[in-house]
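*Asks:* As a plain string of letters, each chain reads:
There are 2 protein chains.
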Amino acid sequence: MKNTNRPLILVTNDDGHFAPGIRALVEVASELGDCLVVAPDSPQSGMGHAITIHNPLRLNKVNSFGDVEAYECNGTPVDCVKLAKHVILKDRNIDLCVSGINHGSNASINIIYSGTMSAAMEASLEGINSIGFSLLDYSFDADFEPCKPFVKRIMSHVLEKGLFKTNLLNVNIPVMEDGQQIKGMRVCRQAEARWVEDFMEAEDPRGQKYYWLTGKFVNEDEGRDTDVYALEQGYISIVPSGHDLTKHDAIASLTRLNQL
Amino acid sequence: MKNTNRPLILVTNDDGHFAPGIRALVEVASELGDCLVVAPDSPQSGMGHAITIHNPLRLNKVNSFGDVEAYECNGTPVDCVKLAKHVILKDRNIDLCVSGINHGSNASINIIYSGTMSAAMEASLEGINSIGFSLLDYSFDADFEPCKPFVKRIMSHVLEKGLFKTNLLNVNIPVMEDGQQIKGMRVCRQAEARWVEDFMEAEDPRGQKYYWLTGKFVNEDEGRDTDVYALEQGYISIVPSGHDLTKHDAIASLTRLNQL
Numbered sequence: 001m002k003n004t005n006r007p008l009i010l011v012t013n014d015d016g017h018f019a020p021g022i023r024a025l026v027e028v029a030s031e032l033g034d035c036l037v038v039a040p041d042s043p044q045s046g047m048g049h050a051i052t053i054h055n056p057l058r059l060n061k062v063n064s065f066g067d068v069e070a071y072e073c074n075g076t077p078v079d080c081v082k083l084a085k086h087v088i089l090k091d092r093n094i095d096l097c098v099s100g101i102n103h104g105s106n107a108s109i110n111i112i113y114s115g116t117m118s119a120a121m122e123a124s125l126e127g128i129n130s131i132g133f134s135l136l137d138y139s140f141d142a143d144f145e146p147c148k149p150f151v152k153r154i155m156s157h158v159l160e161k162g163l164f165k166t167n168l169l170n171v172n173i174p175v176m177e178d179g180q181q182i183k184g185m186r187v188c189r190q191a192e193a194r195w196v197e198d199f200m201e202a203e204d205p206r207g208q209k210y211y212w213l214t215g216k217f218v219n220e221d222e223g224r225d226t227d228v229y230a231l232e233q234g235y236i237s238i239v240p241s242g243h244d245l246t247k248h249d250a251i252a253s254l255t256r257l258n259q260l
Numbered sequence: 001m002k003n004t005n006r007p008l009i010l011v012t013n014d015d016g017h018f019a020p021g022i023r024a025l026v027e028v029a030s031e032l033g034d035c036l037v038v039a040p041d042s043p044q045s046g047m048g049h050a051i052t053i054h055n056p057l058r059l060n061k062v063n064s065f066g067d068v069e070a071y072e073c074n075g076t077p078v079d080c081v082k083l084a085k086h087v088i089l090k091d092r093n094i095d096l097c098v099s100g101i102n103h104g105s106n107a108s109i110n111i112i113y114s115g116t117m118s119a120a121m122e123a124s125l126e127g128i129n130s131i132g133f134s135l136l137d138y139s140f141d142a143d144f145e146p147c148k149p150f151v152k153r154i155m156s157h158v159l160e161k162g163l164f165k166t167n168l169l170n171v172n173i174p175v176m177e178d179g180q181q182i183k184g185m186r187v188c189r190q191a192e193a194r195w196v197e198d199f200m201e202a203e204d205p206r207g208q209k210y211y212w213l214t215g216k217f218v219n220e221d222e223g224r225d226t227d228v229y230a231l232e233q234g235y236i237s238i239v240p241s242g243h244d245l246t247k248h249d250a251i252a253s254l255t256r257l258n259q260l
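From first to last, the protein sequence lines stand for chains A and B.
Here the first sequence is numbered in the working numbering, starting from 1 and rising by one per residue.
Here the second sequence is numbered in the working numbering, starting from 1 and rising by one per residue.
Isolated chain A (complex conformation) (with noise of 0.2 Å):
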């Protein structure tokens, strides 16, 4: 890594170093800092936060991003951060860490099982401001270029101000129709969503059965502070979020636990 006075910006994601949405993002990041890129070798998509345990992690130097600095990893996103913090950088400081752009939602629910929002919390984790970013565009010829400007202002207002009560922002963009352009950013809550699965059921050559998951997104949170309504109503939502998974309402209710 070079020592410039520029911020060093860590950008990682889950879908791969080759997919075009972590090009997209390393362009914006290029123009406001110097960037070390650090992603799986192949798709992580669904990897939650996962780590590896059991087997050894490998880091290969790849030249997909022309001048920028850039490292394929066989593990998984959260990995990609670890390895980038602790064994590149040798733990020097890192000014902002930034994941995706993802091909697809990571709104409400999605965000645990998305690698790409559990990098940017490792990150968070580690003390680092990071930002998961996401499209609403599943497929691998997405269009990045209307959300890049969006990308580049928040990625800016938290280098330059910081962030408070939170170091980790869950960004969803949404996907406009032809003509229409992005209406602006809210600042809002998780929706209460959820999956409704289902797994196709199929047999093998050898007959032997076999499922695949699938399932329908659907969201029965009303309210009009959240991702989701953001999203529905052409803004980008851009959730503070954190790691702290207790419901703390929950605790004088469950009290009477203590004389069991």
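No wet-lab data here; the hints were simulated from the structure.
No experiment lies behind these values; they were computed from the predicted model shown.
Errors might be hidden in some of the hints.
What the hints assert, rightly or not - Covered stretches of chain A (chain B as the covering partner; in silico rule of three or more C-beta atoms under 8 Å from a C-beta of chain B):
| hint | stretch |
| --- | --- |
| 1 | 57-67 |
| 2 | 118-132 |
| 3 | 208-220 |
What the hints assert, rightly or not - The list that follows gives simulated cross-link-like pairs (lysine-lysine, DSBU-like), each with its CA atoms no further than 30 Å apart:
| hint | chain 1 | residue 1 | chain 2 | residue 2 |
| --- | --- | --- | --- | --- |
| 4 | B | K90 | A | K216 |
| 5 | B | K152 | B | K61 |
| 6 | B | K216 | B | K161 |
| 7 | A | K90 | B | K216 |
| 8 | A | K152 | A | K183 |
| 9 | B | K209 | A | K61 |
| 10 | A | K165 | B | K165 |
| 11 | A | K90 | A | K165 |
| 12 | A | K209 | B | K61 |
| 13 | B | K90 | B | K165 |
| 14 | B | K152 | B | K90 |
| 15 | A | K148 | A | K161 |
| 16 | B | K161 | B | K148 |
| 17 | B | K216 | A | K209 |
| 18 | A | K216 | A | K148 |
| 19 | A | K90 | A | K161 |
| 20 | B | K152 | B | K183 |
| 21 | B | K209 | A | K90 |
| 22 | B | K165 | A | K216 |
| 23 | B | K216 | A | K165 |
| 24 | A | K216 | B | K61 |
| 25 | B | K148 | B | K216 |
| 26 | B | K90 | B | K161 |
| 27 | A | K90 | A | K61 |
| 28 | A | K61 | B | K161 |
| 29 | A | K165 | A | K183 |
Ideal placement from N, C-alpha and C gives every residue a C-beta, glycine not left out.
Given chain A's structure and the hints, the job is docking chain B onto it.
*Replies:* Structure of chain B alone, referenced to chain A:
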């Protein structure tokens, strides 16, 4: 599955169906209801909330638990819960899901890396009362006997009285020194602790570098209302948990982003 009047209890874990911890849990659960076991076919520690999207899933009936209906699955702990609910039980009502007993702590920040807790969380997202149990002993031959009476008391309390304002409990159990007894149970919050990471670096026989994750758990949270504190004092910790990662108190401080 039999159709009796006894509660239907889904049992899973992340250490695999051959782990002693899940045997202990099935023994206790069988005293309280009819059990269905669906567990990974190999260890899945550290898998977080990973789901399998890119590969087919398989279920094989196993007879590792005597009379109890049991399946091994080639997927993650979360996959096991989804397949149990939607494929094996065809959306039949489940009265309780228990996950574990994990070999090792899932207190504090460990919850976000934990396959044990993610399986329980997945069931809670399906509206099922769910409990993840973990013993603070990583060894394969950990002694689960001392904790069984507590595990049974918690399970039977939840079956009889239900839960309120949460449907997910993260239960961690201390290992006592010889002659000492577990002191009781404490309902508490997740401690603000973290892992200080390190990597073992080595070379394979072909001279290629590899890295193996290691690290130290550090608790800088001085609160006496935390799971880590309760465990240090010899109590079982019970943290009511959820899936909303929003930092609600940070929303107001970020609304300036709406104007960017």
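*Asks:* Checking against the hints above, which ones are violated?
*Replies:* 6, 17 and 28
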